Each structure stands twice: as structure tokens, then as C-alpha cells.
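Chemist: Residue numbers (the working numbering), protein chains in the order written: chain E, 1 to 364; chain S, 365 to 689; chain G, 690 to 972.
A couple of the hints might just be wrong.
To list a few chain E residues with every Cβ distance to chain G over 12 Å, as calculated [unchecked claim]:
{"#": "1", "residue": "A108"}
{"#": "2", "residue": "D158"}
{"#": "3", "residue": "G313"}
{"#": "4", "residue": "R330"}
As a list, the in silico DSSO-like pairs of lysine-lysine whose alpha-carbon atoms are at most 30 Å apart [to be verified]:
{"#": "5", "chain 1": "G", "residue 1": "K698", "chain 2": "S", "residue 2": "K608"}
{"#": "6", "chain 1": "G", "residue 1": "K858", "chain 2": "E", "residue 2": "K101"}
{"#": "7", "chain 1": "G", "residue 1": "K795", "chain 2": "E", "residue 2": "K7"}
{"#": "8", "chain 1": "G", "residue 1": "K795", "chain 2": "S", "residue 2": "K543"}
{"#": "9", "chain 1": "E", "residue 1": "K128", "chain 2": "G", "residue 2": "K862"}
If you're looking for bench data, these hints aren't it; they were derived computationally from the structure.
On a predicted model such as this, the values are computed, not experimentally measured, just so you know.
Backbone N, C-alpha and C define an ideal beta-carbon position, used for all residues, glycine too.
Here is what each chain is made of, one letter per residue.
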Amino acid sequence: MAQVVLKDLNKMYDDVHAVKDVNLNILDKEFVVLVGPSGCGKSTTLRMIAGLEEITSGEIQIGNRVVNDLPPKDRDIAMVFQNYALYPHMTVYDNMAFGLKMRKFPKAEIQKRVQDAAEILGIQELLKRKPRQLSGGQRQRVAVGRAIVRHPQVFLFDEPLSNLDAKLRVQMRVELKRLHNRLETTAIYVTHDQVEAMTLGDRVVVMKDGWIQQVGEPLEVYGRPRNRFVAGFIGSPAMNFIETTVADGAGALWVECAGLRLRVPAERSARLAGKRRQAVVLGIRPEDLHPATGADPVDLTCEAVVDVVEPLGSDILLDVKVGNCVIVVRVDPSVRLRQHDKIRLAFTPERIHFFDAKTEESLQ
Amino acid sequence: MAKHPRSLVPTVGAAPPIEVALPRPRPAAPWRLTRFLESERLLAALLLAPAVVLLALFIAYPFVMGVWLALSDASVGSPGTFVGLRNFVKEWNDSIFQTAFQNTFFYTFWATIFKLTLGMWLALLLNRQFRGMRLVRASMLLPFIVPTVLSTFAWRWMVDPTFSVVNWLLYSIGLITNKLPFLSDGRWAMWCAIVVNTWRGMPFFAITLLAGLQTISPDLHEAASLDGANSWQRFWKVTWPLLKPVTIVVVVFSVIQTFADFQLIYVLTGGGPANSTHLLATYAYQIGVATGLLGEGAAISLFMFPVLFVVVWFQLRYLRRLEGA
Amino acid sequence: MVIERRWKKWVFFYVPLTLFLVGMLFPFYWMLITAIRPDAELYRSWRNVHNTPFWTLHPTLDHVQDLLARTMFPRWLWNTFFIATVSTGISLFCGLLAGYALARLKFPMAGTLGTAIFVTYLVPPTLLFIPLANIIRNFQLGDTPWALILTYPTFLIPFCTWLLMGYFKTIPKELEECARVDGATRFGAMARIIFPIAVPGILSAGIFAFTLSWNEFIYALVFISSPERKTVPVGVVSELIRGDIYFWGQLMAGALLGSVPVALVYSFFVEYYVAGLTGSVKG
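Please model the complete structure; the sequences and the hints are all you need to start from.
Modeler: Encoded structure:
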């Protein structure tokens, strides 16, 4: 049980600055997910916490103890790797018992802990097998089991699900969440999959190019992205971005581009007031657009032409053309539309985002 | 490009100065060997030490000493004095040395050509499925396993001037009426050595090329034959280009071994008849060890160095290029 | 498979393969037949009508008995075995550690050192035997097994290091990282996780190194002078020829018996030997 504190953490590889001034307080029992595209520094950060990479500058504390100079074995952590890293020459039992043996636990205690973990994960029958006799999902369970027998202060997960097929991945995701609820151990989880990040994390840390972009609870990151990158990275399909210009008219602010003219909702005008005649990026998620009805104010709608229809079953994704740009709309499956159909789209006003065209910061 | 959130990051890039603080509570770090070994550099130095010490002592040091000997008139029992390049000049003008020098190239060139073509052929034959395949493959390597000296003796007995079984065979099928002078004529003896060297080294080519062949997907051959290529074309258009990297490495290894060969000639001809089949290594032995002129012997050995250097350099460059690609 | 006609298969496959097989194995057959042939048959004129050179009607073990009883051959066998085993052991030890360091650890000069070891791998013994003989003499090692035990590693260590380095690189890094997180030291992870997994590679390197040292000739020829300290290849060459006379029966018996140990080791571990052989030339 421990909190993890990263202070001004930096990592340099020769001349590549992989992790830049990362500051993060991870609370006790919290499940934190580091998410970002490949090369964003999330794995390097995790490996520094584990002690597998040297820290260039900054400080890491685990449970109020500075661990910068501690080798991995003395940090009281457990880690699950992407390729599972099961020792091929040992049985499942020995794999799970290895960490305890290294720490000189009594034999009876080792046996009890391995049995308990095997039971939790439903792998009791596999204990005598070698890793190569296991399926991908079973290996995954053994890797998790090997981590939990140790009762470590912190769990580290390095993309543990990315080698599984889609169906198994969803299943294991649920199990990991259940496991965390049961064990109540601090966990740090690295993934490039934003769905995993959203579903698993108590808090999500979005990273890019070595910088932390935003830290927050999943819905907060989804609903109030701090910049254009986070807005585009979180959510699937991704948020639509439209380059617009701010204009005055009829006692209100408007954003406009070819084929589109929207009145800025009153509560957002303050931040845009200083941007008259300047470019801003409008962001709207596919699910925050819908076919206009009489109830929608006309100045929050636009004309669009359907280009591609993608029925998903639960809903339909439409690629539509608005002026010069193509945006994605998520509509109810009952909507019947075909290519080249004309449609009037309404924007949900409180879900419209604006980003500075230059800094890409949110203009909330 | 998204900028970092301003609130979290005071400066771009560089780490902010860490404030001077009271001594942090550090975990007790007992000065034990295990802790010491966690440092990557120290561990690396420790792990490499035995190998580096042995190699420095018995390769680097002898090399330096060899250069010194070659520049001196040292002989057994006399430490020798510096004589500059005199040994090299003397050997260069020595007719036996000249023969040995030419022989070394001749021997290396032809033996390598034979080993490569026959080895490739054998590899292609062995690359097929047939009954007893494993046994045949295994026994093909025997000439390479068995000590060269011992198998060369068998060859020497097979081409013995008086009791040669080869002569007997050729005579009884009526091809010859007089014995062939296998080892008593310089030309014949050189070709005999090349044959024996080929016999011994070919399995190495065959097995390594076979390993290379086995990494080539049969799909490629099937695709090529669907495209209308016959087996000759398939070899030159599919197999050979894919096999080239392995082939080059094997040839380089073999060239070095053959160029520096000693035991085969030492046993088969002893450099004779009349010093006509010496290689650089056997001649260096004759002068440096049998006659005891260490300086001259070392100089003869060192004549191999430029050639080996060029080959190794070429090899390293080739490996780099492969890694780069 | 590409289908081919039967006659083609004979002409392009069976016949050449048989010729290869006969050519490769005939010298061994000749060794055997000479070793069990009585002297009277050995030295008969080659134009003798009753000559039956390809077999013998009076097989005898005289040559073998002579070899074992009247020469130091058994002693040489033991010397060779001892020297080959110890120098292989030393080389494996050094090669394991160095190969691991080069494959896994980050340290300055790692690349240069790797190249240097590769270059020493390509240095043939014949380039250095004269100065090395001097050094052996200076170290007072001349005419002792240690002269060979310490010099054989010069060509075995680079080979073992190179081979094992390649093998270590195929083992996922995460395995030892996991072990270190699980509570092992760096050294512990290497010894308890990586080395056990590398056993096939170690076996390959060891077997190949053993045959290389068994076959070594020039160092043994130059550094050892007492007949009772010689190795098989040198002993057979220098001690079984008395004056100018070749006792071919005994020589071939010696060649045969001297080849048997390596051939046995080889036949038990063909796969590992071939892995070592093909691994030895991988970049």
C-alpha cells in the first residue's frame, strides 16, 4: 500500500529527451493509466519507476521512500510485461513462486500464496505446466498471478493486454478491474489504447513527446480535454476538428468557415471575445452531432451531404461533407440515409470545444 | 504540435534546478558485492575481464612481440637486435619464399572455388526430402569433424608413391599404364593438396549453405515456377540472391582458414618435393621453428597479415552494411 | 513441390548424391581397411594380380594392439581429452560472461569491444605461433599441458563469445527484467534465468569448442616436445613415423582411434554441433 510520487522526472537517451519534467502524485490504492501514442515516454516512465531505466534527473518516491538509487528488487513492486516474460524453463508454479523464493519466504507460505493467487485467477490446473503449453490468455493470467503473489506495494503493467486477441482483451480488462477492486493495491498501467485507459483508470495521464498533456478522471479528460491533442486522442471515433474564424454579428460572436456559420453559445463568448477575426479550431465529437429537429436553434445547425455510411449495429457512423471538410457523425441506427443525401446537422451547444489555432490549448 | 500544459512545466526541455534540501532519508545501502554489481558498467567490466585478459595476453601481446621479432635477427637462444626491414627484404628476394607466397594464393583461390561450387551443389542436394536424410547429412560432415592431420594421413596413404589405391584403380580400369606422380611432382602435389582441402572444407560450406537454404520459403519457388521459371532460372533468380549474404560470410571464413593453412601441407607433402609446395605458414614454421631463425620466421608469418587484414576489413564493412540495411 | 520425372531424379539427384557420399566417406573406409589389414597385404605391388585392395581376407587387430601396447597412444588420448576439456571449460566460462555483457549491458566501448573480439576470432593461429612460442617459454610453460590449455582459449573464447552473444540476443530482455523486479540481482537474473535458458547455446558452443581443440595441431606441435605430453594429432605425426619409415597399418589405426572420440561426441550431439557450426558464421 503506497503512494507513488514523480517529481520533475527526466530521461535522456544520448540526445533524445524521452521524458520531460514529469510531475505526478499517484495516491494509495489508485489505478492510474498512462496513455499516449508510441514514443510518448509512457513506457520509459514506467520503467524508471520499476528501476529498469536510470533516472536522468528528478526523483521517484514509492511509499514516501526515495527509490532513485534502489535496484528493482528492493523497490517492492511487481510488473506485468507485454510479452508476459514467463520463465520458459520453469513450471507455472515455479514461475509464480520465483519472487517469493528470491525473498526467502518459508515454503508453506509460498505454497499458500501461490494456491490463493491461482484460485483467484482460475489457473489451479495449470500449475504443473510449462509456459509453452499455455494459450495466450492463460499465459496472461500466470503473468498476473506471478505479480499478485508478492503482495507488492505497487503493480506496474506495461501494455499487458496488447498481445491478446480482441475478445480476450475485453474479458481480461474486466478481470483486471475486478482484481484491482479486490486487492486494493496501487497500480500504474501503460497502454496506447485509449479505451483501455478510459475503462480501467481511476485517473488517466495522457502523454505526448515526453510531456504530460493532461491528468484527470476518465470522464473529465473526455469531457474537458485541455488541448487539441488530448481531445483528438481520447474518444473513438476521434473528435472532428474544423478550422474556423471568429466574427461579430447581431449582438453575438460567430464562428464561420465555408459551409458553416455557428453562433457561439453565450457562456463561451468570454474566451473568444479577444479572438475576433482570428482563427480558432472548433472541435465536436461525432456523438455530439445529430440530425436537426424543430427543437434545435437554427444558428447551431449546418447543411451536410452524406459521403459514406458505416452501420455498426448499435449505431451508424456517417462521413459527411460540410463545406470543404469531412466530419464524422454518430447517429441512431433507425436513421435511413444513403450516399449523396442532404442532411441538416445540429450541434449540442454545451459540447462544442474551441482550441487556439496556434497553441492548440483549449479555450474553455 | 500541442504545447505542454503551462501549469505543470516551468521551463522547456531542461530540468528545473533541484532545490537544495536537507539530507533525504535514504535506504540503508550495505556495501555488499551484490549491490556493487547492480552498476551496469562495473558488472560489464567484471564479466569481460577474464576474456579480455586472456585475449590480450595471448593475442595482442604476441602480435606486438611478433612485429618486434620480425624486425630483429632473433633466433633460438639469442634475443636478437633491431635490424629494421631486413628480414622482409631478404624473404621477398628469396626464391622459396616467392614460391610459397604464390602457392598460398593459388591454393586459396582454387580450393575456395571448388569448395564453394561443390558445397553449393551438395547443399542443394541435401535440401531435399529423402529417406535416410538425417543420416546422410550427418555423415557428410565427418571430414570436417575428424582431426585434419589424421584424415590427411589417410589421403597421403591413398596417394602413396608405391602403394596408391588411386593409381591401382585407374590402372585396373585401363586409364593409365604408369603411376601418376601424385606427391613426387610439385604441380601434382599442389593439386593434391587442393583436392584434400576441398574434401575437408566442403562440408562446412554445404551445411552452412543448407542452413541458409532452409530459411528460404518454398512459396518463393512455387511462385517462381508458376511464373514459368525452370530450375536453373529459379536457382539464379531466387535462391542465389537470397543466399548471397550467408555465402559471403562463409567464403570469408574459408579464405582466412585456407590462406593460413598449415597442417594439411605439413602432413601431405611437408612442403616438398624440393620446397615446391610450401605455404607461408609451413615455410614460416620451417624457418622459425625447425631452423630456429625466429626473426625471419615471424617476418614470413607477418606477410599473411595484410591479406588477412583486407579480408577482415571487407567482412566488417559488409556486416555493417547488412546491419544498416 | 515442383514435380519432376523419375529419370531426372536419378540423374540430378541420386547419382550425384551417391558420388558425393562415396567421395566423402571413402578415406575413412580406407583408414579402417588399412588398420585391419596384415602387413603382408599392405605392401604388395600394385600390379599384383591377386591384389584385393578394397577388402581383406585376413583381418587382424595386430596394428591396433601394437598401437595401444607399444606406443604412447593411450597417453596421448588422455592428454588430448584433458586439454580439450579444460580449455573448453575455460573458454565457455569466459565466453558466457563476455557474451552476456556484450549482448545485454550498456557501457562505453561496447561496440568497439565487440568488434575487437570478432577480429580476434578471425586471427588464425599460424599468424602468431612463433612469438607465442617465445611467450610460452618466458612464462615457463613450455612442454606442459598449460601451454595448450591457456592458448587454445585464444581461438575458442572469441568463438564462444560470438556464438553465445547471438544466442543471448534471442532471449527476450523482459525475462531478466522481470526477474530483477521479482527480487533477483542483475547477477542473479543472469545466472538463474538467462543461463538456464541458454543451455542449448552453451551446449553448441561447448561441443564445437571441444572438437576444435581436439583437432588443433600447430600449437601442440610447437609448444610440446616430450613424447608423453603430446596430443593425438601431434603424437601420430611425429612418433609413429620412425626415421623415414611409415608404418601405415599402425598410422591408420591411430588415425581411426584418434577420430573416434570426436566422431562419438559429434554423433550424440549432431543438432547442437550443426547449430554451433552455422551460428559460428552468423554476423
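Chemist: Give a verdict on every hint.
Modeler: Evaluated hints:
At roughly 19 Å from the closest C-beta of chain G, the C-beta of A108/E stays outside 12 Å, upholding its exclusion from the interface. Not every Cβ of chain G is farther than 12 Å from the Cβ of D158/E; the closest lies at roughly 8 Å, contradicting the non-interface assignment. Residue placement check: G313/E keeps its beta carbon more than 12 Å from all beta carbons of chain G (closest about 38 Å). Residue-level check passed: R330/E sits 39 Å from the nearest beta carbon of chain G, beyond 12 Å.
Taking the CA atoms of K698/G and K608/S, the gap is about 26 Å. The hint holds against a cut of 30 Å. A hinted pair counts as satisfied when its Cα atoms are at most 30 Å apart, and K858/G with K101/E qualifies at roughly 27 Å. Note on K795/G and K7/E: the hinted pairing holds, with a Cα-Cα distance of about 26 Å set against a maximum of 30 Å. For a cut-off of 30 Å, the pair hint linking K795/G to K543/S is broken: about 65 Å separates their Cα positions.
Taking the CA atoms of K128/E and K862/G, the gap is about 25 Å. The hint holds against a cut of 30 Å.
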